[in-house]
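Q: Generate coordinates for the entire structure from the input sequences, incorporating the hints supplied.
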Amino acid sequence: MTELKQTVIEALEDIKGRDIVAIDVQALSDVMDTLVICSGTSNRQVKSLADNVIEEGKKHGHRPIGVEGMEGGEWVLVDYGDVVVHVMQPEVRSFYDLEKLWSMEPASRQEPREPEA
Numbered sequence: 001m002t003e004l005k006q007t008v009i010e011a012l013e014d015i016k017g018r019d020i021v022a023i024d025v026q027a028l029s030d031v032m033d034t035l036v037i038c039s040g041t042s043n044r045q046v047k048s049l050a051d052n053v054i055e056e057g058k059k060h061g062h063r064p065i066g067v068e069g070m071e072g073g074e075w076v077l078v079d080y081g082d083v084v085v086h087v088m089q090p091e092v093r094s095f096y097d098l099e100k101l102w103s104m105e106p107a108s109r110q111e112p113r114e115p116e117a
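Numbering follows the numbering used here, with no gaps: position 52 of the sequence shown is 52.
Keep in mind the hints are simulated off the structure, nothing from the lab.
Positions of the beta carbon are idealized from the N, C-alpha and C atoms, including for glycine.
Among the hints, erroneous ones may be present.
As the list claims (entries may be wrong) - Here are the simulated BS3-like cross-link-like pairs (lysine-lysine), alpha carbons at most 25 Å apart as the crow flies:
1) Lys16 with Lys47
2) Lys16 with Lys58
3) Lys16 with Lys59
4) Lys16 with Lys5
5) Lys5 with Lys59
6) Lys58 with Lys47
What the hints assert, rightly or not - The following label-pair restraints were derived from C-beta to C-beta distances:
7) Lys58 with Ser94: 24 to 32 Å
8) Ser42 with Glu99: 28 to 36 Å
9) Gly61 with Asp14: 26 to 34 Å
10) Lys59 with Asp97: 18 to 26 Å
A: Right, here's the structure in full:
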């Protein structure tokens, strides 16, 4: 486990993040290696979880490339480049179902199928 990924997961656990999942997407993405998804129970907790990820990352010398969604608190994305963190309320997480989306192989990378006769 990379140091940044470990730092992110520990930061989420510290603030009682729920259902933390880390997905290795190296084979599916050219822009990131790991996707970390976590649920927070309220807007306030989602923001606190994301804030803690950012603060703990800074303590270990990692600064995010970008942060989106802090004003709303339903879904906050913290982008470190190789590691992208999604902190979401359960309803939003269920609706977008990123775990399923990122577990599927893109059609462009699948082997071509032979036409059925």
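Q: Against this structure, judge whether each hint is valid.
A: Hint check results:
{"no.": "1", "hint": "Lys16 with Lys47", "verdict": "holds (12 Å)"}
{"no.": "2", "hint": "Lys16 with Lys58", "verdict": "holds (20 Å)"}
{"no.": "3", "hint": "Lys16 with Lys59", "verdict": "holds (20 Å)"}
{"no.": "4", "hint": "Lys16 with Lys5", "verdict": "holds (17 Å)"}
{"no.": "5", "hint": "Lys5 with Lys59", "verdict": "holds (14 Å)"}
{"no.": "6", "hint": "Lys58 with Lys47", "verdict": "holds (17 Å)"}
{"no.": "7", "hint": "Lys58 with Ser94: 24 to 32 Å", "verdict": "holds (31 Å)"}
{"no.": "8", "hint": "Ser42 with Glu99: 28 to 36 Å", "verdict": "violated (21 Å)"}
{"no.": "9", "hint": "Gly61 with Asp14: 26 to 34 Å", "verdict": "violated (18 Å)"}
{"no.": "10", "hint": "Lys59 with Asp97: 18 to 26 Å", "verdict": "violated (32 Å)"}
Figure legend: structure checked against the earlier numbered hints; hints not met, in rising order: 8, 9, 10.
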